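Next come the chains, spelled out residue by residue.
Protein chains: 2
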Amino acid sequence: MIRYFLACLSMIIALVASPSIAEQLEEQANELIDTALQSDLSWEILESLTTEVGPRLAGSPAEARARDWAVAKLSKLGFSNVHVEPFSMPGWERGNISIKVGEPYSQPLTGTALGKSVGTPVGGLNAEVVRFANYAELLTAKEGSLIGKIAFIDGEMVRTQDGAGYRLAGPRRWSGPYEAAKRGAIAVLIRSVGTDINSRTPHTGGTTYGDDAPRIPAAALSNPDADQLARLLAIKPGLTIHFTQTSRILTEVQSGNVVAEIPGSKFPDEVVLLGAHLDSWDNSTGAQDDGSGVAIVTAAAKIILDHGQPERTIRIVLFGAEEPGLIGARAYLKAHENNLDQIMMVTESDFGAGRVWRMDTGIAKTDEEKADRILAVLARLGVTKGLRTATGGPDVSVLSAAGTPAITLKQNGWNYFDIHHTPNDTLDKVDPEDLKQNTAVYAGFAWMVANIKGGFNRPQN
Amino acid sequence: MIRYFLACLSMIIALVASPSIAEQLEEQANELIDTALQSDLSWEILESLTTEVGPRLAGSPAEARARDWAVAKLSKLGFSNVHVEPFSMPGWERGNISIKVGEPYSQPLTGTALGKSVGTPVGGLNAEVVRFANYAELLTAKEGSLIGKIAFIDGEMVRTQDGAGYRLAGPRRWSGPYEAAKRGAIAVLIRSVGTDINSRTPHTGGTTYGDDAPRIPAAALSNPDADQLARLLAIKPGLTIHFTQTSRILTEVQSGNVVAEIPGSKFPDEVVLLGAHLDSWDNSTGAQDDGSGVAIVTAAAKIILDHGQPERTIRIVLFGAEEPGLIGARAYLKAHENNLDQIMMVTESDFGAGRVWRMDTGIAKTDEEKADRILAVLARLGVTKGLRTATGGPDVSVLSAAGTPAITLKQNGWNYFDIHHTPNDTLDKVDPEDLKQNTAVYAGFAWMVANIKGGFNRPQN
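Chains as they are written, first to last, in the numbering used here: chain S, 14 to 474; chain E, 14 to 474.
If you are wondering where the hints come from, they were derived from the structure by calculation, not from laboratory data.
Only a predicted model underlies this, so the values are computations on that prediction, with no experimental measurement involved.
Don't take every hint at face value.
Where chains are identical, the list cannot tell them apart; a pair therefore holds if satisfied intra-copy or between any two copies.
Under the rule of at most 16 Å between Cα atoms (straight-line distance), these lysine to aspartate or glutamate pairs were calculated in the EDC-like manner [unchecked claim]:
| hint | residue 1 | residue 2 |
| --- | --- | --- |
| 1 | Lys398 | Asp175 |
| 2 | Lys279 | Asp81 |
| 3 | Lys442 | Asp240 |
| 4 | Lys398 | Asp81 |
Could you put together the complete structure from these sequences and hints?
Here it is, written out as structure tokens:
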């Protein structure tokens with residue numbers, strides 16, 4: 014009897030002491046999270062990139078230096094299969110800008126070219142300005158009504174945690190120049206798409222022309238300058254502006270995506286893809302957009318690498334040329350479309366370094382339980398359950414649109430658009446503790462996905 | 014007995030109902046304060062100047078437009094003796110700037126020329142950078158130790174309410190280029206003298222060369238750019254920078270002081286001088302520096318004008334060319350030095366539009382009781398007793414140094430140096446309620462000084 018009792022007891026102890034495989038997974042993820050919360054690695058990577066490379070415009074020599082930096086950094090950290098996947102793209106340079114209000118209120122306004130904007134004719138252009146309270150109002154303007162004029166597209170931007178304000182205010186930048194050109198405008202000025210209403214730093218960012226309208230020069234005014242122009246137009250409708258911009262589109266230039274891996278021990282052909290983008294706009298060191306993302310996914314993967322091999326492959330992809338319109342992501346899709354099934358999960362860190370507060374899923378309904386299991390681990394870091402729709406992030410949205418499962422680890426974007434695409438996007442804006450939380454979330458997440466039983470299936474369309 | 018009692022009663026009633034002359038003065042000042050607290054006039058003046066004129070660099074056509082604006086505005090408001098007192102001065106223009114870090118960390122830094130700085134040779138200069146942790150450290154460098162080098166003068170700036178941090182950090186801008194040139198430097202970069210440590214907007218402001226050293230080009234880096242340069246120099250001492258600046262000093266240009274008065278009813282030759290300066294740096298609309306001052310003293314005087322004639326003359330002086338070094342103030346002194354005794358009090362609003370929180374006095378000891386009487390009236394507006402030393406303000410310090418009594422109505426400068434001399438000094442930074450408090454303080458103050466029995470005597474030296 015005693016023997017039987019002891020046998021039972023030892024069995025119970027064994028069960029308690031050695032957790033199930035499932036419990037082991039959670040335990041390992043928690044260890045990774047603990048390590049990440051103590052690690053300065055993501056900060057060191059971010060400081061190194063933003064200091065040693067600085068601004069890194071897509072397709073520029075500086076972006077090439079960023080790729081060199083990334084290859085050196087990823088190799089030194091011990092990742093496998095570190096390489097560049099090159100592609101070509103149209104280049105662009107910002108040039109100079111001058112926006113001057115005409116008589117009797119002669120004064121300069123502060124603005125910056127929208128990304129990919131053409132320049133003005135040499136010597137600039139001089140024209141009457143017509144203000145639209147917002148993008149929707151521009152759309153009501155009749156064809157031909159703006160012939161020979163400069164359209165000024167005003168409008169507010171709402172501060173939101175999840176970035177919804179960007180989707181509302183963004184169209185005046187994305188499509189405003191095209192829509193104004195269709196109506197005859199010869200140039201466009203927009204109020205910056207940004208929440209820093211007191212800052213004289215205009216927000217750049219890509220615009221997209223259409224084939225059925227001329228490509229006209231477009232620039233963003235800082236918020237206080239947009240206020241000033243609105244006040245001046247209230248005093249004197251029909252005010253003219255002299256606008257000179259030397260931005261130009263260049264012939265084909267080189268860019269590339271930088272890739273590194275931790276090969277999976279059991280399912281090397283099942284890939285968990287962690288994305289971020291290497292390029293920044295030229296006007297800042299891109300600390301939040303997207304130096305932070307580069308630092309977060311790299312440090313998270315390195316912490317996993319030091320901890321032990323995952324069953325599935327973890328692949329870092331540092332995309333090139335995200336800012337001009339996901340050019341690197343499209344090149345990546347094209348290069349990998351024949352083995353896209355190998356990509357079992359995509360996510361990307363490209364919304365700054367505010368704390369991750371929500372997890373959105375773009376996965377098969379039958380896999381939601383697995384996502385909940387991951388979320389349970391991340392809950393201690395303040396991550397809440399989010400939407401059942403997710404692209405994974407800007408670059409990887411190209412992959413999830415092609416069918417891969419995706420999960421978005423949503424950063425707190427409350428302050429993101431204060432400095433987004435402005436010169437103010439520098440290292441000092443990133444909070445080291447928030448960066449650690451991000452790294453911990455990505456480490457825990459990637460470990461869980463790379464080891465969870467059954468993995469993730471393609472969501473139904 | 015009843016008759017006697019009634020007589021006494023009527024005497025008491027008379028005493029209560031008609032206050033003494035002294036009490037009347039306080040009552041009138043309080044009425045002015047009440048009016049000012051309800052009035053939008055100072056805001057309207059500030060909005061008009063910053064919108065319709067915009068930036069107004071000393072000696073520029075824009076400053077001339079500001080004088081035209083001021084003459085029109087002061088005349089329309091009904092002041093007497095509105096006129097310009099012209100003077101000439103050396104002009105200056107900022108030109109363009111390019112600061113590029115050399116290999117292997119090639120990247121641009123954001124900076125702006127210091128006011129009155131010369132430019133670099135055409136094509137710029139390329140030289141090793143030597144960092145000094147602060148201005149004091151530069152002063153310890155030996156003569157000849159900086160030959161052929163660019164001195165980078167770093168240093169912090171302490172945030173203070175009374176502007177003391179400016180006096181501590183300011184010397185690297187005021188004298189840094191001169192001191193570096195004496196030691197052989199060929200150019201100077203300073204960390205901006207500003208408290209906005211997260212902003213990519215460099216602070217301009219005048220520097221002064223000496224006759225015994227070459228005039229070398231000098232610029233200020235924004236705080237994050239100074240951080241970046243410090244980090245880069247820590248990685249690679251001996252880093253080079255390519256610095257091009259096209260700023261230049263111009264031949265003699267015109268400026269002027271704009272004057273307006275409310276003539277005194279009893280002592281027209283006793284003048285209470287309310288100063289502010291009309292010029293701003295070229296990089297902003299100068300809302301806080303010193304559009305607010307122009308608005309405050311003009312609105313305060315207008316509220317007095319509408320209320321009734323003061324016994325002494327109240328004179329508004331809107332100085333030209335304060336920023337390049339009190340040039341208008343010196344011209345004013347020169348033009349009026351033969352009748353300086355007529356100026357019975359000077360004060361100036363030139364520290365933004367934060368609430369007035371302290372009154373400092375530079376007056377005869379025997380007049381301190383009068384100052385206390387004024388302070389008692391201003392106490393309801395939150396003005397506290399300050400130092401027994403005061404210059405009255407930057408421009409009027411030239412007059413108080415020559416012997417006039419002075420009182421400084423000290424504005425709260427806690428946030429002043431976040432935007433001081435930067436593009437961010439725009440209308441949106443001024444709080445309308447704070448501006449009203451200022452106007453009320455100046456109105457109550459000016460009325461009291463212009464009517465107080467005995468006036469103010471010259472302080473002893």
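So which of the earlier hints does this model not fit? Structure breaks hints 2, 4.
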